[in-house]
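Protein chains: 2
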Amino acid sequence: MSRLDINIRRLKAQRACLNLAAEAISGLTGPVFELGLGNGRTYDHLREILPAREIFVFEREVAAHPDCIPDEAHLFRGDFHDTLPRAAERFAGQVALIHADFGSANPERDARLAAFIAEYLPIALQAGGLAAADRDVGFARSEPLPLPDSVAPGVYFLYRQMDRRPGGAR
Amino acid sequence: MSRLDINIRRLKAQRACLNLAAEAISGLTGPVFELGLGNGRTYDHLREILPAREIFVFEREVAAHPDCIPDEAHLFRGDFHDTLPRAAERFAGQVALIHADFGSANPERDARLAAFIAEYLPIALQAGGLAAADRDVGFARSEPLPLPDSVAPGVYFLYRQMDRRPGGAR
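Those protein sequences? They're chains A and F, same order as listed. Each residue of the first sequence is one higher than the one before, counting from 76 in our numbering. Each residue of the second sequence is one higher than the one before, counting from 76 in our numbering.
Mixed in with the good hints there might be a few duds.
[As the list claims (entries may be wrong)] Every beta carbon over 12 Å from chain F, so not counted as near; a handful from chain A, in silico:
1. 90
2. 115
3. 117
4. 122
5. 127
6. 158
7. 180
8. 201
9. 203
10. 228
[What the hints assert, rightly or not] Simulated DEER-style distance windows between Cβ atoms:
11. A:94 to F:168: 48 to 54 Å
12. F:168 to A:213: 35 to 41 Å
13. A:221 to F:157: 29 to 35 Å
14. A:221 to F:229: 36 to 42 Å
15. F:228 to A:84: 22 to 28 Å
16. A:237 to F:149: 50 to 56 Å
17. A:161 to F:164: 55 to 61 Å
[As the list claims (entries may be wrong)] To give a feel for the contact side, a few chain A residues facing chain F, derived at Cβ under 7 Å:
18. 82
19. 87
20. 94
Note that these hints are calculated values from the structure, not bench results. Just so you know, even glycine gets a beta-carbon here, dropped at the ideal spot from N, CA and C.
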C-alpha cells in the first residue's frame with residue numbers, strides 16, 4: 076500500500092465517519108467542535124453536512140482557503156492546550172460532536188495529544204454526543220460506535236458519550 | 076461537493092490514471108519523470124507500481140517524508156523552469172512517462188505552467204510515451220488517452236506522444 080493509497084483510505088474513512096456522525100446526532104441540539112482547521116477541507120465538509128449547526132474551530136495558525144475560514148466568533152485561535160479547556164468549560168455538557176484530526180508521523184506525540192483531548196471530551200460533550208478522530212481518543216464513560224462498513228478498524232475512531240441519566244447505560 | 080469530496084475525487088483520479096499509465100507503458104523501456112515531489116505520496120505510488128523503472132524527481136525544496144526521497148542521482152533540485160529543459164535535453168526521446176501534479180487555486184499560474192511543461196513533453200517523451208497531469212498539458216503531436224471509467228473529464232489528464240515513425244499516426 077503506497078502513501079497515496081493510505082491517504083485515500085484515510086480521507087474516505089474520515090468522510091464516512093463524519094457522515095455517519097452527522098446522522099447520529101440529528102436528534103441532538105448543540106454545537107460542533109472542529110479541532111484543527113488545516114486547509115479547511117474537513118470544516119467545509121462539516122458545514123455542508125450540518126448546515127444548521129454552529130461549528131467552532133480550534134486553530135493555532137489559520138492558513139486555510141479564504142472561503143473555508145469561520146468568522147471570529149466561531150474561531151478559537153491559539154494552542155488547543157489553552158483553548159480546549161476554556162471552550163469545554165464554556166460549552167460544558169452541550170456539544171453534540173467533536174472532530175479531531177491531529178495524527179502525525181510521531182506516535183508518542185499523537186498519544187499525548189489524544190490523552191489530553193480525551194480529558195476534555197466528557198466535559199464538553201452532552202450525553203449521546205460523539206467524538207470522531209483519526210487517533211484513539213477513547214475517554215471516560217465513552218463507548219466505541221460501530222464504524223461504517225467501508226472503514227477498516229484503526230483508520231478512524233468514533234466514540235459516544237454514554238447516557239448518564241438514571242436508567243441510562245451506566 | 077465539499078473540499079473533502081473534491082480532494083478524494085482528485086486523489087482517486089490520480090491513482091487510477093497512474094495505474095492505467097503504468098500498464099500502458101509496460102511495453103516501453105525508459106525512465107519516468109515526476110514533476111514535483113511534495114510530501115512524496117505520488118512518488119511512493121509510482122515506485123510501487125513501477126518497481127523496475129528509473130524515476131527522476133523534480134523538486135525545488137525537498138520536504139517529503141524521509142522514506143520518500145530519491146537518491147541524489149534521481150533528484151533534479153531547483154525550479155523546474157531550469158531543470159526541466161536540461162533534463163528533457165539529456166533524456167530526449169527516451170522518457171516513457173511524465174507525471175505532473177502542479178495545480179493550484181490560481182488558474183492563470185496553472186495555465187502558464189501547463190504551457191511551459193507542454194513545450195518540453197514532446198522533447199523528452201519517446202513515441203508512445205505518456206504524460207499524466209492534474210492540469211491540461213496537451214502538447215504538440217499528442218493525443219488524449221481515454222480516461223479510466225471512474226475518472227470524470229477535467230479531473231485528470233492523460234496524453235500520448237503520437238508515433239512519428241513512418242506509417243505511424245502522423
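Each hint, compared with the structure:
1. Listed as a non-interface residue, residue 90 of chain A fails to keep its Cβ farther than 12 Å from every Cβ of chain F; the least gap is roughly 6 Å.
2. At the 12 Å boundary, the C-beta of residue 115 of chain A falls inside the reach of chain F, the nearest C-beta of that chain being 7 Å off.
3. Against chain F, the non-interface label of residue 117 of chain A is violated: not every CB pair exceeds 12 Å, the least being about 6 Å.
4. Not every CB of chain F is more than 12 Å from the CB of residue 122 of chain A (nearest about 8 Å), against its label as outside the interface.
5. No Cβ of chain F comes within 12 Å of the Cβ of residue 127 of chain A; the nearest lies about 16 Å off, and the non-interface call holds.
6. Chain F leaves residue 158 of chain A outside its interface by the beta-carbon criterion, the shortest separation being 23 Å against a cut-off of 12 Å.
7. Not every CB of chain F is more than 12 Å from the CB of residue 180 of chain A (nearest about 7 Å), against its label as outside the interface.
8. Consistency note on residue 201 of chain A: stated as away from chain F, and its beta-carbon is indeed over 12 Å from all of that chain's, at 25 Å minimum.
9. Even its closest Cβ contact with chain F, about 25 Å, leaves residue 203 of chain A beyond 12 Å, as expected for a residue assigned away from the interface.
10. Interface exclusion of residue 228 of chain A from chain F stands, the closest Cβ pair being 20 Å apart, more than 12 Å.
11. A beta carbon spacing of about 49 Å between residue 94 of chain A and residue 168 of chain F agrees with the range 48 to 54 Å that was offered as a hint.
12. At roughly 58 Å, the beta carbons of residue 168 of chain F and residue 213 of chain A sit outside the given window of 35 to 41 Å.
13. Hint check: residue 221 of chain A to residue 157 of chain F, Cβ distance near 54 Å, so the stated range 29 to 35 Å is violated.
14. For residue 221 of chain A and residue 229 of chain F, the hinted distance range of 36 to 42 Å is satisfied, since their beta carbons lie about 37 Å from each other.
15. Between residue 228 of chain F and residue 84 of chain A the beta carbons are some 25 Å apart, a value that agrees with the proposed interval 22 to 28 Å.
16. With their beta carbons about 54 Å apart, residue 237 of chain A and residue 149 of chain F fall inside the hinted range of 50 to 56 Å.
17. In this structure the supplied range 55 to 61 Å holds for residue 161 of chain A paired with residue 164 of chain F, their Cβ-Cβ distance being about 60 Å.
18. Interface hint at residue 82 of chain A: satisfied, since its Cβ lies 6 Å from the closest Cβ of chain F, which is below the 7 Å cut-off.
19. For residue 87 of chain A, the suggested interface contact is upheld, since its CB lies about 6 Å from the closest CB of chain F, less than 7 Å.
20. Interface restraint check for residue 94 of chain A: the shortest CB-CB distance to chain F comes to about 10 Å, outside 7 Å, so the restraint is violated.
In this structure, the earlier hints numbered 1, 2, 3, 4, 7, 12, 13 and 20 are contradicted, and the remaining ones agree with it.
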